[in-house]
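Visitor: Given chain A, work out where chain B should sit, using these hints.
Letter by letter, the chains look like this.
Number of protein chains: 2
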Amino acid sequence: MFLTEEYKTRRKKLKELMGSGVLLFLGNGECGINFKHNTYPYRQDSTFIYFFGLQLAGLNAIIDLDNDTEIIFGDNLSIDDVVFTGPIRSLEEQANEVGVSSVSPSKMLEEYLSAANDKGQQIHFLPPYRPEHILKLSELLNLPSDEVSKNVSAEFIKAVVKLRSIKSDAEIEEIEKAVHTTAEMHYKAMEMAEAGLTEADLFGAVQNIAMANGNNTSFPSIITINGQILHNHYRGNLLKEGDMVLCDCGAENFSGYAGDMTRTFPVNKTFSAKQKEIYDIVYKSYKTAAEMLRPKQLFRDVHLAACKEIVVGLTELGLMKGDPDKAVEAGAHTMFFQCGLGHMMGLDVHDMENLGEQYVGYTDELKQSKEFGFKSLRMGRALEEGMVLTVEPGIYFIPELMELRKSENKFMDFVNYERLEEYKNFGGIRIEDDFLITNDGSRILGPKLPTTSEEIEEFRNSKKRL
Amino acid sequence: MFLTEEYKTRRKKLKELMGSGVLLFLGNGECGINFKHNTYPYRQDSTFIYFFGLQLAGLNAIIDLDNDTEIIFGDNLSIDDVVFTGPIRSLEEQANEVGVSSVSPSKMLEEYLSAANDKGQQIHFLPPYRPEHILKLSELLNLPSDEVSKNVSAEFIKAVVKLRSIKSDAEIEEIEKAVHTTAEMHYKAMEMAEAGLTEADLFGAVQNIAMANGNNTSFPSIITINGQILHNHYRGNLLKEGDMVLCDCGAENFSGYAGDMTRTFPVNKTFSAKQKEIYDIVYKSYKTAAEMLRPKQLFRDVHLAACKEIVVGLTELGLMKGDPDKAVEAGAHTMFFQCGLGHMMGLDVHDMENLGEQYVGYTDELKQSKEFGFKSLRMGRALEEGMVLTVEPGIYFIPELMELRKSENKFMDFVNYERLEEYKNFGGIRIEDDFLITNDGSRILGPKLPTTSEEIEEFRNSKKRL
Chain A
1 MFLTEEYKTR RKKLKELMGS GVLLFLGNGE CGINFKHNTY PYRQDSTFIY FFGLQLAGLN
61 AIIDLDNDTE IIFGDNLSID DVVFTGPIRS LEEQANEVGV SSVSPSKMLE EYLSAANDKG
121 QQIHFLPPYR PEHILKLSEL LNLPSDEVSK NVSAEFIKAV VKLRSIKSDA EIEEIEKAVH
181 TTAEMHYKAM EMAEAGLTEA DLFGAVQNIA MANGNNTSFP SIITINGQIL HNHYRGNLLK
241 EGDMVLCDCG AENFSGYAGD MTRTFPVNKT FSAKQKEIYD IVYKSYKTAA EMLRPKQLFR
301 DVHLAACKEI VVGLTELGLM KGDPDKAVEA GAHTMFFQCG LGHMMGLDVH DMENLGEQYV
361 GYTDELKQSK EFGFKSLRMG RALEEGMVLT VEPGIYFIPE LMELRKSENK FMDFVNYERL
421 EEYKNFGGIR IEDDFLITND GSRILGPKLP TTSEEIEEFR NSKKRL
Chain B
1 MFLTEEYKTR RKKLKELMGS GVLLFLGNGE CGINFKHNTY PYRQDSTFIY FFGLQLAGLN
61 AIIDLDNDTE IIFGDNLSID DVVFTGPIRS LEEQANEVGV SSVSPSKMLE EYLSAANDKG
121 QQIHFLPPYR PEHILKLSEL LNLPSDEVSK NVSAEFIKAV VKLRSIKSDA EIEEIEKAVH
181 TTAEMHYKAM EMAEAGLTEA DLFGAVQNIA MANGNNTSFP SIITINGQIL HNHYRGNLLK
241 EGDMVLCDCG AENFSGYAGD MTRTFPVNKT FSAKQKEIYD IVYKSYKTAA EMLRPKQLFR
301 DVHLAACKEI VVGLTELGLM KGDPDKAVEA GAHTMFFQCG LGHMMGLDVH DMENLGEQYV
361 GYTDELKQSK EFGFKSLRMG RALEEGMVLT VEPGIYFIPE LMELRKSENK FMDFVNYERL
421 EEYKNFGGIR IEDDFLITND GSRILGPKLP TTSEEIEEFR NSKKRL
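Protein chains in written order, with full-length UniProt numbering: chain A, 1 to 466; chain B, 1 to 466.
There's no promise every hint is true.
Each pair may be met inside one copy or between any two copies, as identical chains are not told apart.
[Unchecked claim] List of simulated lysine-lysine pairs, DSSO-like, C-alpha gap at most 30 Å:
id : residue 1 : residue 2
1  : LYS367    : LYS36
2  : LYS410    : LYS284
3  : LYS424    : LYS119
4  : LYS410    : LYS370
5  : LYS15     : LYS36
6  : LYS36     : LYS13
Hints listed in this document are in silico derivations from the structure and should not be mistaken for laboratory results.
Pulled out of the complex, with its shape left as it was, chain A reads as follows (with noise of 0.2 Å):
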């Protein structure tokens, strides 16, 4: 939670951006797992947490402009509630501390809103992402349900979006708690893979960490030999002598904020020849990427560089063929390198998706491409002073994908693919950190994990930190 005066701040800003209407909020309820009241770990939405800072369930909140009011809609607790929950202040107490005088019974919401609509005043809320969205808006707004998501407001996700995007410093120091929690967690799994453990083993272990120190996972954690598999869920198999490890995970702590890094490394002490040949051309392109991020560079434009130095690796390999930027034209870098290079990171993992990586990640003039490979790409637009981002390239084999790309006669002009046969169970390697962008450059958040594969090999052996 920040000080009053951050929520009051960004409420105004919003206010300034909007200037008229009713903004609705929606807070997120409990989600019932397997029964009603078997609840997954609460998650309060996102902009609901920005604007309004209450991570409790079943509240919503309206921004009247038209009348200069803010309200919190939700419910005090019974004795019932109390005696499962224990004494929970009050909801007017809690409103108060974000600076939010006015709160209203939930039943009262619909009326407000219908009266709001009566008076010709315009409703502007947010994408639903959820089905519990789509069933109050639909009945919040007496909108049949599939006629809800036509009815988002354009203007109000990116009056959001501009707000959100910019970090303050108070956000920045959340943010790195949640880093430095997230460079626990991979510590761990570098500390204690070995062979005969399972996936799940390290998974338990970096979930512990996640846990103990803040509110959960920020995304639920890959932790892999099968690295190739962009999400793979899987954490059933046996670490074996001469298997790689991908552990991609991020702590959230309890403000809500976000870390997300991803580690490759060996299960041995030291990646092998071919291994390290690879994991070195993945390095190169995270720090191409890197050294570019910059206020006014296009995030497009970083991740074609990443996309380069790939393609120029692997055609030093033998793997590729040809010239490295018509390959990277021609879309051939997405046998390797399937998704984006990176992602905005706050309140969310990838930050703001929930409100359309159009908006998000390109403005009006810049189109998210649809095109295979690209279209994972969240972010393409201008780099701004306090933005934070992801960096991830990576190189993955997918039998799949390759058989299917060679089956359709595709790239012949830049891929070996009689070579390629060699790769089939290599597995896939990605890097990836988190940064801030400065006024003149970035800064990487959080402590420095080994990252080059001589400083992996280095802590697998001596288990000694940077």
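Guide: Leaving out everything else, chain B in the frame of chain A:
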């Protein structure tokens, strides 16, 4: 996953119980945390697991009794998915493993149901417990969302409850695995607890064991020095000398079955005299209840016997007074024991709670009470061989409840409010184990954990397992 025959038998029995109509089984989808693609750990619907085994998001199924047809509705993955998820066996192959030969694309389900409806077939479905179910049912059955819940099939509920209440040998084996992992979680908490650690440290370690050895915890772990708060999920407190830790947690294994146990132990090596007195009353209540478990025994009466032990013990201590039977009749025990003695356990930690407690724990003749204390008794009906359930008495000193009842002049003949003042900061104690009803009594599931106050102290001193 069980043998194909097990699933076929379950469906065969269900068909025999139901007779006619179309049975609709909604599988669970993914659930976005803070944006659509950042999902909570996936959990399939338990009834879907029970009859169809497959733990994949986005499936639905029907059993058409009138046409003797079983169909799983779902979609195979595209290459875009495979990049992120890795190769996945075809749905046809997986369906075949649970004895279902017919698979159809998701989009055909609506058509199927609409045709069935046109032919006058009754469509049976179970109560929705996630907003996604309401939306899906509303769309599939062309019902307004607020009409969905009114149309659930009591006949279908009763048939499912009848089958799922009695566990097969294969199920008991799975439950016992989950209880074993649960015992490991408890040993870990009891081994590591010491002054200076936080509740979160224990929480993380316990979570680690569940996630390294199975699917997840079977519910959010309650690990607290404020045991009087029944579902306490705050974990920021420091453990201090003199505190007790209440640890209520359970593992869910990969097949979806739950364990659920509670122990309460001192942060010191031994309980204080005052703590031990209360602990021993809870243990006596636990033991009395456990010994009563056998087929045909009304669980409501086991609950009442457990309540009476608590009243007798507290009367001896001078915290209660008067005739214990009359005290229980008046509900005076709910000052200290506000919830039910136990619940069935299986694929859900509160097994089948989403189907309605009245259907699961009661009968047409025996109705669930709505009174404070009784309304959380999830199980009242006669026990049967093959049932699995928890026994979990406790004594909780809830300051807010004590003040409220005193101000209402309630239970004046049974509660010594003056004496009670000394226990305002005592906290709470619970003991919980999982039992299988056998043909002539019961069997405790999993390994025996330290349970009596002496065993707990012995373990806290020696760390030696029983």
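Visitor: Each of the hints needs a verdict: does it hold here or not?
Guide: Now the hints, each set against the structure:
{"no.": "1", "hint": "LYS367 to LYS36", "in the structure": "between (41 Å within a copy, 21 Å between copies)"}
{"no.": "2", "hint": "LYS410 to LYS284", "in the structure": "within (26 Å within a copy, 74 Å between copies)"}
{"no.": "3", "hint": "LYS424 to LYS119", "in the structure": "neither (65 Å within a copy, 53 Å between copies)"}
{"no.": "4", "hint": "LYS410 to LYS370", "in the structure": "within (18 Å within a copy, 68 Å between copies)"}
{"no.": "5", "hint": "LYS15 to LYS36", "in the structure": "between (37 Å within a copy, 27 Å between copies)"}
{"no.": "6", "hint": "LYS36 to LYS13", "in the structure": "between (38 Å within a copy, 27 Å between copies)"}
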